[in-house]
Amino acid sequence: MVRTPTQDQLLQPLDQAAFRAPVKRLDAKPLFPLVSLLALPAAIWLALFTLAPLLLTVVMSFWKSTIFGTTTTLSWDNYQRFFSDPLYGRVLLKTLRVAVLTTIFCLIVSYPVAWYLASQNVAKKAVLLVAVFIPFWVSYIIRTFVWLPILGRTGVINQFLQYLGLIDAPINWLLYSEFTLYIGLIYVYLLYMLLPIFLSLDKLDRKLLEAASDLGASPFQMFMRVVLPLSTPGIISGSVMVFLLSCGAYVTPQILGGPSAIMFGNLIAEQFIGASNWAFGAMLSVIFIVVVLLVLALIGKKAGMQKIFLGQG
Amino acid sequence: MKSTAMYKSEYSSSERAAPASSPSAPMVCVDGVNKWFGQDQVLRNISVEIKDGEFFSLLGPSGCGKTTLMRIIAGFEFPTEGTILIDQRSVVDVPASRRPTNMVFQHFALFPHMSIEKNIAFGLEMKRVPRSTIATKVKEALALVRLEKFSGRKIDELSGGQKQRVAIARALVNEPKVLLLDEPLGALDLQLRLQMQGELARIQRATGSTFIFVTHDQAEAMTMSDRIAVMDRGEILQVGTPRDIYERPTHRFVAEFIGHSNFFEGVVCAGASINEYCPVSYDGVELVGRGAVPLEVGTKVAVMVRYENLQLLAAPENGRLVGNVTNKIFTGPTVRTDVLLANGKTVTSEQPVSSDAVNLGVGQAVGIHWTAANAVVLNS
Numbered sequence: 001m002v003r004t005p006t007q008d009q010l011l012q013p014l015d016q017a018a019f020r021a022p023v024k025r026l027d028a029k030p031l032f033p034l035v036s037l038l039a040l041p042a043a044i045w046l047a048l049f050t051l052a053p054l055l056l057t058v059v060m061s062f063w064k065s066t067i068f069g070t071t072t073t074l075s076w077d078n079y080q081r082f083f084s085d086p087l088y089g090r091v092l093l094k095t096l097r098v099a100v101l102t103t104i105f106c107l108i109v110s111y112p113v114a115w116y117l118a119s120q121n122v123a124k125k126a127v128l129l130v131a132v133f134i135p136f137w138v139s140y141i142i143r144t145f146v147w148l149p150i151l152g153r154t155g156v157i158n159q160f161l162q163y164l165g166l167i168d169a170p171i172n173w174l175l176y177s178e179f180t181l182y183i184g185l186i187y188v189y190l191l192y193m194l195l196p197i198f199l200s201l202d203k204l205d206r207k208l209l210e211a212a213s214d215l216g217a218s219p220f221q222m223f224m225r226v227v228l229p230l231s232t233p234g235i236i237s238g239s240v241m242v243f244l245l246s247c248g249a250y251v252t253p254q255i256l257g258g259p260s261a262i263m264f265g266n267l268i269a270e271q272f273i274g275a276s277n278w279a280f281g282a283m284l285s286v287i288f289i290v291v292v293l294l295v296l297a298l299i300g301k302k303a304g305m306q307k308i309f310l311g312q313g
Numbered sequence: 001m002k003s004t005a006m007y008k009s010e011y012s013s014s015e016r017a018a019p020a021s022s023p024s025a026p027m028v029c030v031d032g033v034n035k036w037f038g039q040d041q042v043l044r045n046i047s048v049e050i051k052d053g054e055f056f057s058l059l060g061p062s063g064c065g066k067t068t069l070m071r072i073i074a075g076f077e078f079p080t081e082g083t084i085l086i087d088q089r090s091v092v093d094v095p096a097s098r099r100p101t102n103m104v105f106q107h108f109a110l111f112p113h114m115s116i117e118k119n120i121a122f123g124l125e126m127k128r129v130p131r132s133t134i135a136t137k138v139k140e141a142l143a144l145v146r147l148e149k150f151s152g153r154k155i156d157e158l159s160g161g162q163k164q165r166v167a168i169a170r171a172l173v174n175e176p177k178v179l180l181l182d183e184p185l186g187a188l189d190l191q192l193r194l195q196m197q198g199e200l201a202r203i204q205r206a207t208g209s210t211f212i213f214v215t216h217d218q219a220e221a222m223t224m225s226d227r228i229a230v231m232d233r234g235e236i237l238q239v240g241t242p243r244d245i246y247e248r249p250t251h252r253f254v255a256e257f258i259g260h261s262n263f264f265e266g267v268v269c270a271g272a273s274i275n276e277y278c279p280v281s282y283d284g285v286e287l288v289g290r291g292a293v294p295l296e297v298g299t300k301v302a303v304m305v306r307y308e309n310l311q312l313l314a315a316p317e318n319g320r321l322v323g324n325v326t327n328k329i330f331t332g333p334t335v336r337t338d339v340l341l342a343n344g345k346t347v348t349s350e351q352p353v354s355s356d357a358v359n360l361g362v363g364q365a366v367g368i369h370w371t372a373a374n375a376v377v378l379n380s
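Sequences listed follow chains A and B, in order. Sequential numbering of the first sequence, starting at 1, is according to our numbering. Sequential numbering of the second sequence, starting at 1, is according to our numbering.
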């Protein structure tokens with residue numbers, strides 16, 4: 001009896017062959033070994049202007065500054081002073097809180113905008129993207145200052161509300177408050193959230209939405225099960241950027257925040273510029289870097305470092 | 001070669017058992033549908049009925065409106081005019097998510113962030129089917145498309161054919177009354193496409209659901225379908241079994257789109273109704289064919305003769321027409337011969353290599369003959 005192969009048997013070799021998934025060769029040697037030399041200038045630059053100052057900062061944080069100058073004897077004095085005075089810890093926590101809330105607000109504001117942008121046709125998309133970018137061609141210091149005549153006691157908003165008769169006296173908390181700080185930070189850093197989210201939504205295949213709808217998903221289910229998971233890389237990289245930038249903010253709180261909205265960056269700047277206590281400022285910087293790195297590591301453990309820095313799902 | 005492959009498919013599909021349809025109402029009923037996109041009318045007065053359990057193909061060149069018609073049935077587009085009934089219920093106001101249809105997309109549209117199982121389970125989860133039931137059904141669906149061994153894999157680890165099967169399983173697991181397939185084999189290479197054609201037919205027999213299949217590939221439509229609707233420029237020109245459409249096309253477009261034919265343009269000598277023999281005057285000679293449509297005297301028509309029905313006779317005086325062999329091509333199972341007629345027209349005959357046609361030499365005078373039953377008179 002002649003045995004003819006069943007369809008299953010015929011299928012097998014094909015399926016198995018197709019299944020040898022290509023292995024990503026991360027260790028593949030570059031085509032020309034000399035190419036890596038091209039990275040040398042950048043490497044030197046980074047070593048000179050990032051690594052060296054960072055090391056100097058760490059070393060300096062153990063020095064001592066007095067009115068007579070800075071002595072290079074090493075001690076834990078600066079760190080002891082940090083932990084004995086609750087002021088610094090309080091400002092640090094507040095800075096983290098401001099950064100987290102700014103990130104959340106930016107996310108809430110930019111997600112719908114990113115979705116709207118991504119849903120437009122190519123021509124309209126280009127026009128709208130340029131429109132989004134234009135304000136960011138102006139220096140962020142100017143974009144921060146511009147809030148003064150808007151939010152001030154005699155600013156546009158107060159005058160308008162008084163003109164309408166809604167208020168008798170100008171609202172004071174519009175300027176130089178934590179509220180103003182949020183307004184300023186969100187405005188300045190919004191684009192860093194908007195762009196990565198826009199990019200991940202723009203990549204999203206619209207057919208997937210049709211498929212979800214075809215399979216019975218309501219618009220809400222479609223968003224939760226398909227759109228949100230597929231835009232997570234954009235959300236994460238946008239959030240990390242806005243968080244880092246807001247953590248380091250010091251111009252915005254200085255211009256808009258007033259005395260109550262001091263952030264950690266202002267404390268550090270004050271040590272270097274005002275108090276001339278470089279050693280203490282260096283110590284604050286070191287502590288700040290360590291804390292922010294810890295926060296990032298925490299997020300990274302949850303979301304995966306790759307997602308954060310490479311935007312890969 | 002192409003036309004030979006088609007004979008086979010034609011016979012295999014005509015021998016297939018008729019679908020086990022009840023004599024009752026059709027599963028899908030499209031009635032008087034018009035669709036405009038701005039100034040463009042993409043569907044013109046479409047009316048078609050698709051039976052329960054039928055494998056029905058929408059066949060036509062790109063831009064003929066077949067995909068739009070399918071998207072209207074799926075609920076992704078809405079007709080400008082007309083109604084759609086699925087299982088005797090009007091679905092015109094029903095969104096895609098609540099129609100008893102599921103779709104297999106052209107490029108699969110699988111969710112890249114989910115495993116195979118999660119993709120297949122998606123529709124059931126949306127309907128809040130109990131977890132244990134979902135697990136069983138997903139397993140069954142994987143077995144149906146023969147992917148049991150690949151469970152747990154990620155979507156991007158699958159080959160095209162495997163993705164295709166996941167897409168089919170994801171749709172079928174919901175037990176749709178109608179499965180819509182939008183050129184599902186277009187993204188596959190030839191070998192895989194042939195394999196999946198067989199698979200689809202098997203799956204359709206196994207589930208007994210109604211399949212609506214959109215394709216521009218005539219051989220694919222012929223092989224797989226119970227019935228085919230041939231579309232062109234937003235209109236359905238003809239609906240029929242593959243054999244009907246091949247042997248009795250009602251439009252010149254259908255005859256040209258499917259298979260290879262010779263067309264002799266002439267004028268009707270005596271009126272005839274459908275399927276009656278109709279004499280046509282061609283270049284002073286009277287040709288006979290069966291009327292595809294009712295024909296009146298004096299109408300300009302074309303007599304269609306398939307390549308394989310055009311016989312060449314070594315004795316020219318025995319033929320309806322006379323010509324000289326200009327070219328002979330051996331295709332393997334057949335020999336294809338070009339003949340130049342006295343009026344300058346070239347006709348082609350394709351005969352099995354076992355026939356006498358193989359002995360004809362280039363330059364030889366031959367008679368051209370066909371059985372009148374195999375010639376169709378079409379409006380030209």
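Note that these hints are calculated values from the structure, not bench results. Where a beta carbon is used, it is the ideal one built from N, C-alpha and C, also for glycine. Careful: at least some of the hints might be erroneous.
[As the list claims (entries may be wrong)] Distance ranges between label pairs, derived from CB positions:
| no. | chain 1 | residue 1 | chain 2 | residue 2 | range |
| --- | --- | --- | --- | --- | --- |
| 1 | B | Asp93 | A | Lys125 | 27 to 33 angstroms |
| 2 | B | Arg205 | A | Lys125 | 45 to 51 angstroms |
| 3 | B | Arg233 | A | Tyr116 | 53 to 59 angstroms |
| 4 | A | Ile141 | B | Lys127 | 40 to 46 angstroms |
[Said to hold, decoys possible] Quick look at which bits of chain A chain B covers, simulated, 3 or more residues with Cβ under 8 angstroms:
| no. | segment |
| --- | --- |
| 5 | 154-168 |
| 6 | 210-221 |
Right, here's what the structure says about each hint:
1. Asp93(B) with Lys125(A): 27 to 33 angstroms: At 32 angstroms between Cβs, range holds.
2. Arg205(B) with Lys125(A): 45 to 51 angstroms: holds (47 angstroms)
3. Arg233(B) with Tyr116(A): 53 to 59 angstroms: For Arg233(B) and Tyr116(A) the Cβ distance comes to about 36 angstroms; the hint is violated.
4. Ile141(A) with Lys127(B): 40 to 46 angstroms: violated (56 angstroms)
5. 154-168: Answer violated; 0 residues pass the 8 angstroms Cβ test.
6. 210-221: Per the Cβ count (10), the hint holds.
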